[in-house]
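> This is what each chain is made of:
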Amino acid sequence: MIAIIDYKAGNLTSVARAVTHLGFPCAVTRDAALIRRAERIIFPGVGAAGAAMSHLRQLGLDEVLTEQAAAGKPLLGICIGCQVVLDHSAENDTRCLGLVAGRVAAFPAGLTDENGRPLKIPHMGWNRIHIRRDHPILEGILPEDEFYFVHGYYPVPDDPADVLATSDYGLIFPTVIGRGHLVATQFHLEKSGRSGLRMLKNFCTWNPSAEA
Amino acid sequence: MLSKRIIPCLDVRDGRTTKGIRFRDNVDIGDPVAMARFYYEEGADEIVFYDITASHERRSIMIDVVRRVAETIFIPFSVGGGVRTLEDMREVLLAGAEKVSVNSAAVSHPDVIARGAEAFGSQCIVLGMDVKRVEQSAAIPSGYEVVINGGRTHTGLDALEWAQRAERLGAGEICLNSIDADGTQEGYELNLTALISTQVGIPVIASGGAGRPEHLRDVLTTGRADAALIASMVHFGSYTISAIKSYLSGCGIRVRRCR
Chain A
1 MIAIIDYKAG NLTSVARAVT HLGFPCAVTR DAALIRRAER IIFPGVGAAG AAMSHLRQLG
61 LDEVLTEQAA AGKPLLGICI GCQVVLDHSA ENDTRCLGLV AGRVAAFPAG LTDENGRPLK
121 IPHMGWNRIH IRRDHPILEG ILPEDEFYFV HGYYPVPDDP ADVLATSDYG LIFPTVIGRG
181 HLVATQFHLE KSGRSGLRML KNFCTWNPSA EA
Chain B
1 MLSKRIIPCL DVRDGRTTKG IRFRDNVDIG DPVAMARFYY EEGADEIVFY DITASHERRS
61 IMIDVVRRVA ETIFIPFSVG GGVRTLEDMR EVLLAGAEKV SVNSAAVSHP DVIARGAEAF
121 GSQCIVLGMD VKRVEQSAAI PSGYEVVING GRTHTGLDAL EWAQRAERLG AGEICLNSID
181 ADGTQEGYEL NLTALISTQV GIPVIASGGA GRPEHLRDVL TTGRADAALI ASMVHFGSYT
241 ISAIKSYLSG CGIRVRRCR
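Residue numbers (my numbering), protein chains in the order written: chain A, 1 to 212; chain B, 1 to 259.
Keep in mind the hints are simulated off the structure, nothing from the lab. A hint or two may mislead.
Unchecked claim - Below 20 Å or equal to it, Euclidean Cα-Cα: the simulated DMTMM-like pairs (lysine to aspartate or glutamate) are: (1) A:Lys-8 with B:Glu-118; (2) A:Lys-201 with B:Glu-71; (3) A:Lys-8 with B:Glu-87; (4) A:Lys-201 with B:Asp-88; (5) A:Lys-73 with A:Glu-63; (6) A:Lys-8 with B:Glu-41.
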């Protein structure tokens, strides 16, 4: 069973629907016992980092996630779930989970496209990714594949080796990060058509222990 | 860089789509779920559902449609039409839509935008606006006025000022429909689209007037739109989304190629 962490961060049902569509049993839950029993964990979410972290702390899920990450359970963060795994977010000046060393930065003002026209923030819509490091979650992903993004902040791991893929929106920024048994995507896998479903399926079948 | 989005719009009344004459394969053209699936497979980047159900009691039918669509397609979709309150928004979003659009309700109660953005996040809240060309005046300096009731009622709001105000209130996106161009299939209102798109910091979806792929090319370049809404040109089978995207791609416009 895959536990999809429910921490009042919106749109959890769409992740559950996508996982169910792929044929994997899952539960949207905030029950620590169920999360501990799960074979893997998906940590989704939209919204602001400050609200996300305070909900996690109120529910005691910050400790459960930290403990489960340390235990080596496969963990997938999506969107805000890709940000709060780092140490700190510039959004609401938020201390985060610190599962991956690094910080979350805001898109700076004044970004322009190749014609010098201003780019709109948040970065919303379909964009490509550029794979920096092979990883089982990226298996079968092609350079022309695109993914659906909605965000004004992006993850910056300290260790460049934790950056699995980047995207370009006036600047090059990390969009898939991974360290050990944890992977996280800034974009919404569950809303990225077949390319996203492919990556989600890769996670659902990923066996990081077997690689070690 | 972001791809330009191509967004088919489905009108739904009492749980059934109201347009669509010639459809390939075995798609039930009256079934919004089947049509959404068809467009998803064809490479639509997003889908807009517009609920034109007249009676409020029948809204539960639309919510059921939203739920079934969410189980079927894995791209963002929005729902508009008859969304008036925070509770209407919550219902649609919980059923699985990414975004909800408000139109006339926002004109009479602009704070619904702010309250929706506060409760669900700006990315969920789309301002739908119907706009008509009028004489420039002190009240309507842009020469474009916001209208409601399908264009029958003038609001006295300047389209540009309204768009900017909606952005300040927290709208995450604007779906800009030209009443003058709507239904003509002779092309989008390029001046209007460029005017709004360059003066707000949120994405603008152009709507009204699409009849040929060239129209999309024009609105996505000259019109500076971030996305283009299409209806008849695909519903009636004159074009496929993949053919439109091939054409745009050939014009040097970046669009998402679907695998």
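> Each hint should be assessed against the structure and marked as holding or not.
Hint check results:
{"no.": "1", "hint": "A:Lys-8 with B:Glu-118", "result": "14 Å, holds"}
{"no.": "2", "hint": "A:Lys-201 with B:Glu-71", "result": "16 Å, holds"}
{"no.": "3", "hint": "A:Lys-8 with B:Glu-87", "result": "17 Å, holds"}
{"no.": "4", "hint": "A:Lys-201 with B:Asp-88", "result": "33 Å, violated"}
{"no.": "5", "hint": "A:Lys-73 with A:Glu-63", "result": "14 Å, holds"}
{"no.": "6", "hint": "A:Lys-8 with B:Glu-41", "result": "31 Å, violated"}
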